[in-house]
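Chains as they are written, first to last, in my numbering: chain V, 1 to 213; chain U, 214 to 426; chain G, 427 to 759; chain R, 760 to 1092.
FYI, nobody ran anything at the bench for these hints, they're computed from the structure.
Accuracy of the hints is not assured; some may be wrong.
[Claimed, not checked] Negatives, chain G to chain U, calculated, CB over 10 Å:
hint: 1; residue: I431
hint: 2; residue: D671
hint: 3; residue: Q708
hint: 4; residue: A715
hint: 5; residue: R716
hint: 6; residue: A759
[What the hints assert, rightly or not] A partial selection of chain G residues facing chain R, derived with a Cβ cut-off under 7 Å:
hint: 7; residue: M664
hint: 8; residue: E695
hint: 9; residue: R756
Fair warning: this is a prediction, and the values are worked out from it, not measured in the lab.
For every residue, glycine included, the Cβ atom is placed at its ideal position computed from N, Cα and C.
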Amino acid sequence: MTISRDAVLKWLETYAAVINENFAYLTQLDSDIGDGDHGANMNRGMQAVLTALPGVADKDIGAVFKTTGMKLVSTVGGASGPLYGTLFIQMGNVTAGKMELTLADWVAAMEAGYDGVVMRGKAAPGDKTMVDALKPGLDALKSERDRGASVPEALNAAADATKRGMEATIPLVARKGRASYLGERSAGYQDPGATSSWYLIKTAAETLASQAQ
Amino acid sequence: MTISRDAVLKWLETYAAVINENFAYLTQLDSDIGDGDHGANMNRGMQAVLTALPGVADKDIGAVFKTTGMKLVSTVGGASGPLYGTLFIQMGNVTAGKMELTLADWVAAMEAGYDGVVMRGKAAPGDKTMVDALKPGLDALKSERDRGASVPEALNAAADATKRGMEATIPLVARKGRASYLGERSAGYQDPGATSSWYLIKTAAETLASQAQ
Amino acid sequence: MKKLINKPEDVVVEALQGMAAAHPDLIKVHYDPNYIVRADAPVKNKVALVSGGGSGHEPMHGGFVGMGMLDAAAPGAVFTSPTPDQIFEATRAVDGGAGVLHIVKNYTGDVMNFEMAAELAGGEGIAVQSIITNDDVAVKDSLYTAGRRGVGVTVLVEKIAGAAAERGYSLDQVLAVANKVNENGRSMGMALTSCTVPHAGKPTFDLPEDEMEIGIGIHGESGRKRMKPAPAREIVEMMALAIVDDLPFKTGDETLAFVNGMGGTPLIELYIVYNELAKFLQGRGIKIARNLVGSYITSLEMAGCSITLLKLDDPLQALWDAPVRTPGLRWGA
Amino acid sequence: MKKLINKPEDVVVEALQGMAAAHPDLIKVHYDPNYIVRADAPVKNKVALVSGGGSGHEPMHGGFVGMGMLDAAAPGAVFTSPTPDQIFEATRAVDGGAGVLHIVKNYTGDVMNFEMAAELAGGEGIAVQSIITNDDVAVKDSLYTAGRRGVGVTVLVEKIAGAAAERGYSLDQVLAVANKVNENGRSMGMALTSCTVPHAGKPTFDLPEDEMEIGIGIHGESGRKRMKPAPAREIVEMMALAIVDDLPFKTGDETLAFVNGMGGTPLIELYIVYNELAKFLQGRGIKIARNLVGSYITSLEMAGCSITLLKLDDPLQALWDAPVRTPGLRWGA
Ligand SMILES: Nc1ncnc2c1ncn2[C@@H]1O[C@H](COP(=O)(O)OP(=O)(O)O)[C@@H](O)[C@H]1O
Ligand SMILES: Nc1ncnc2c1ncn2[C@@H]1O[C@H](COP(=O)(O)OP(=O)(O)O)[C@@H](O)[C@H]1O
Ligand SMILES: [Mg+2]
Ligand SMILES: [Mg+2]
Ligand SMILES: [Mg+2]
Ligand SMILES: [Mg+2]
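The whole structure should be built from the sequences, with the hints applied where relevant.
What follows is the structure, encoded as structure tokens:
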């Protein structure tokens, strides 16, 4: 059972739609402990990705991811642009030339993407950033892969773990990003970037799992 | 029956007190059709006059008026400073050397003051300014003098006429001063300068008439 | 009322003290009566320029004292014309023997106080001439009224006549230049919010969240009309049209375009306004040869802007380009 | 939301168009990606200075492009860091062969986007160094956090390092000057009102009529504490104390004192703040050798101010005094 290129394209379109729907919610989260632009940033980026996808629809999955990452880098700005951009560019690097992905390929891609985010942002788990959502998701993927789970099983487990990671940011005191200026006052709010990361992994589970063949 | 120097000093003190009490009302009138500072302007000026009066308390009435006028000129600013300042300076010119005023002296002083206001401000009756209050007051004084009235009779007649002049500014469209920028929209409001002029003539009637000997 | 002040009654003097502390190389401040003179005043044999008006319009006028612009400024109470003694003593302090030009905005109070000051100066043998700026097209002009208000063009008169004086023009020549600028300049302003006079403590007028006022004065005097907020493009069109039609400015004219912020409007919006103005004038074949974008005549913290257009010829343009060195306007020096 | 704009999404580009129209002698604007370069770029054999950041802080940074200051600026969306391609292309456009200094305010997004741009430029063989300004004493510093924000000192770095580059300093020397300014500068800001990001349409935070926020950031990020409005004297004391104690500034130090308006505060209030600051510093024997008073780093229409102090020595003072000719800052040229 593998993940097709069409499924990947569908995933990215769905993510763009979900970001667009939750624009105001992300903005609200970022107003509470940041500067209130995370919704606008992500939406600007994913709308730009949508316009770029037709140009690579017949290319390999690596090209799709790389194009997505470059587009995010060049349209989002802020903290999330380089971070999500790097995530996708690194995913593209390890999936270059592939027209479909096994679960092992997918886990390798997510690991490369995650490492890129950490390399770029230098955040550790517990700093109250998107890392706190992505890390448990990645860990879940790895153990699913190791126990020989199916693609849908692994993706759903990753989504559940990501959601818990996102929720676990609420009590944290931010040590990275704009929320860190608030110090103790950042506790009690869910991190906006962790939230957009959960949407990413959740839509992956929804679209890739159902279309996995 | 004449007006003593002490009565003149008492008049000016009373006028300062009345301005101070009606500060907010004058400001409100000036907010409606001007820039909302007439109360502050007149109050600043008359408070300054109060501090200057002891210095001329043993001088002649002309000196008292002149000092009052100079003090108003140098502390009020705006339109009302030069106008009221000129009024008192001109009153001082024609009362120079006098220690008491007959009704004829008083009328001459008021006429000189009025002429000074018109010379300085170039307003005609009907332009919706202090002239509309001062003119009927002056006219009343003249006819009272001509008919041989007593000081109190003349001063009270002047106060009544001034009040009617002030009230008659309400329907007028302003042609001079800041209210003129409003054009037709200035109709329906009582002119602030006409109001402070009525206080002037009214306090004259109250203090000079009662103390006239 | 939230302001960065101490007591309302100390606003003018404390701001003067701040200016004096910040610009000792350019200006000197005299207190009681209050006036500002350029540091090297009086400049011998140069025509001196003196302006003044209510405070609350900073940097005008005190910020325009210095080489190439004003010799002195007399600041009144907030939004209240200065008194004759302030203006007279400022005049006396800067007279360098070549006479003094009074630059007066057309408000009854300003005109009368300057007039009295000129009489006092005349009494001391100082030659004084006056220019009364009256460029505000929002006010209907008439022989029988106080006439139009002096607004944006005042800054341009101060700069251009200041350059003429610096070049050694005679008093009559400087006056002629000043008159020419006033006659060829027109302005109009608008407000998104009111301002609050410190000693009043509450906004001068109510402007609801869904209204703006077109044709406003610089003291929060009411304007021509109230309307729903519109895009910058429409606001600029409305104001520019009234200005252009009034002089009138014609195809082929060269102009100086001045977009002024009212105090509470940030530069990013002024550039958007300037962009619309440039497009509007281009559409009518009117050329912008020079421009000025920034907050130069403010109304305390009022949000809004004004537009001033000045028809330029080569001599005026050269005077505009001449060096100027003041706290509020500086180039070439 | 009442603003002098057209559509919120067009604010940045239309303001850039306005700047381009107003200052063709000083700057050129490139669109898509958006960046501003000085009109004579690239200047051969001069170290080029590139800065950038979110829009909404005008005149910073685009208004500081020109002789003696920045070679290029990359404006992001309102309050959002620019993207690497903007910064990279600006870097490439101004590189005169002597290398490029990136001046970056310490915000995670700015730092990462500039880092990626520097990687791209490095890939093309352009020598890039970076200075990250982090002068805001309102933020507690720590090795484990994002650190202090870059605020007022950024303008001073741009001016002083710009003068060093204009004098022919090498890239390492310009970097050393920039670092020295950053290390010797400290800032703190406060707000009386919030600002409204155009595409958000409502104020970033609620600040009731009877509260102010001390230690605010330049994007409307919350500050250190809320309190009842206080006289300017107390506000200045609170901010200046935090700044002075942090470096610390000591008796006998010479400083550059910079009082900055947040966009909605008029000049008259800034001079009152400056007056209080001058008195405060005099009381501690700290000398103000140079100063800057005006709205140079704004937060849209936010009312409020920030104070920056920079410890000066003779070399820094001479670089500060050197000629500069940009839309937002100009003297000696
Ligand atoms: N150093 C970092 N590492 C990982 N994620 C980070 C880091 N800094 C910030 N973030 C994430 O970025 C999110 C904010 O993104 P966004 O609002 O778009 O950018 P900005 O903070 O520049 O306005 C935060 O909620 C956080 O999850
Ligand atoms: N030309 C004039 N002649 C006579 N009175 C005038 C003239 N212009 C204005 N005034 C009077 O001055 C009053 C306003 O005074 P004030 O508010 O103190 O000055 P300003 O208009 O400068 O703010 C008006 O109500 C009017 O009565
Ligand atoms: Mg954000
Ligand atoms: Mg008034
Ligand atoms: Mg007034
Ligand atoms: Mg942001």
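Hints, one by one, checked against the model:
no.: 1; hint: I431; in the structure: 16 Å, holds
no.: 2; hint: D671; in the structure: 19 Å, holds
no.: 3; hint: Q708; in the structure: 32 Å, holds
no.: 4; hint: A715; in the structure: 31 Å, holds
no.: 5; hint: R716; in the structure: 29 Å, holds
no.: 6; hint: A759; in the structure: 33 Å, holds
no.: 7; hint: M664; in the structure: 13 Å, violated
no.: 8; hint: E695; in the structure: 4 Å, holds
no.: 9; hint: R756; in the structure: 6 Å, holds
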